[in-house]
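> Sequence:
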Amino acid sequence: MGHIKNLNQYFGKRQPFAASISGAPATTVIVILNIGLFIGVLVTGGADTQNLLKWGAKYGPSIADGQYWRLLVPVFLHAGFFHLLTNLFGLVIFGSMVERTFGTKNFIAIYLAAGIIGNVVSFLAGPNPGVGASGGVFGIVAAFGVYLLLNRKLLGQMGSQQLTSIGLIVSINIVFGLVSTGIDNAAHFGGLLAGGFVAWLTTPRERLFVLQDPVDLGQSRVTLKTDVQSTSKLTLAILVVVIVAGVLTEIGSQTYIEDIFGNKIPR
Numbered sequence: 316m317g318h319i320k321n322l323n324q325y326f327g328k329r330q331p332f333a334a335s336i337s338g339a340p341a342t343t344v345i346v347i348l349n350i351g352l353f354i355g356v357l358v359t360g361g362a363d364t365q366n367l368l369k370w371g372a373k374y375g376p377s378i379a380d381g382q383y384w385r386l387l388v389p390v391f392l393h394a395g396f397f398h399l400l401t402n403l404f405g406l407v408i409f410g411s412m413v414e415r416t417f418g419t420k421n422f423i424a425i426y427l428a429a430g431i432i433g434n435v436v437s438f439l440a441g442p443n444p445g446v447g448a449s450g451g452v453f454g455i456v457a458a459f460g461v462y463l464l465l466n467r468k469l470l471g472q473m474g475s476q477q478l479t480s481i482g483l484i485v486s487i488n489i490v491f492g493l494v495s496t497g498i499d500n501a502a503h504f505g506g507l508l509a510g511g512f513v514a515w516l517t518t519p520r521e522r523l524f525v526l527q528d529p530v531d532l533g534q535s536r537v538t539l540k541t542d543v544q545s546t547s548k549l550t551l552a553i554l555v556v557v558i559v560a561g562v563l564t565e566i567g568s569q570t571y572i573e574d575i576f577g578n579k580i581p582r
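For the sequence shown, the numbering used here begins at 316 and goes up steadily by one.
Calculated directly from the structure, the hints in this document are not laboratory data. Just so we're clear, the structure is a prediction, and the values are computed from it rather than from any experiment. One or more of the hints may lead you astray.
As the list claims (entries may be wrong) - Distance condition first, Cα-Cα at most 35 Å in a straight line; then the derived DSBU-like pairs of lysine-lysine:
#	residue 1	residue 2
1	K579	K369
2	K548	K420
3	K548	K468
4	K420	K369
Take the sequences, apply the hints, and build the full model.
Dropping the structure here:
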């Protein structure tokens, strides 16, 4: 049926193109959790490496020693105010849109899958400590890109412009990460792949219908119908992510050996 120019009027409360945490409860909770943990880190000694390790930062030897919770907790920790601010900026903008578009349950799955796989890939890349929500943020950016791509025929020019913008944002961040120090490119890459994969299985499909006015048969109105993916697809996505995370973590752990004191060190 072609495409329409002003999509927001057809989405109602979902408003996928509006960057606001209104109507996005999980995004709001994640933002508050990130801020709360950052304050906790500051009041217990500051955001230095040693204190962040106490709070659960990703650290290769510790993960190889079985501290697998360090693949999740770092998604909510940050190494400084600017680090926190930039990630929350991306989370509020894209997280809110993805949550309203995919639904809260799917959004949580996308965000956590991206964050965890991001840390797993980072663990494979090296033993260095790491924290930050950027893997999760890259994942939700990828998810929104997948939504735009799979619904491109309906979304028309607006969708194409949004998709181009996402491509530019991702490209700029990748280039910036490659030419800068202290950027966890592996986590970004892992987050992109995981978020895109889960989104590919759970993306809602939009369809337009023209309905005749029952009173005035000469009038019609356009309405939007969303085909929500089945829960089984979300379950499959989670299962695949868990298996991949487990296999890759085991592979990464094999690159460590124990020293004479029983501590894990890279081979």
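> A separate judgement is required for each hint: does it hold in the structure or not?
Checked hints:
For a cut-off of 35 Å, the pair hint linking K579 to K369 stands: about 17 Å separates their Cα positions. For the suggested pair K548 and K420, the alpha carbons sit about 12 Å apart, so the restraint of at most 35 Å is met. At roughly 23 Å between alpha-carbon atoms, K548 and K468 fall within 35 Å of each other, so this suggested pair holds. Restraint check for K420 and K369: satisfied, since their Cα atoms lie roughly 30 Å apart, inside the 35 Å limit.
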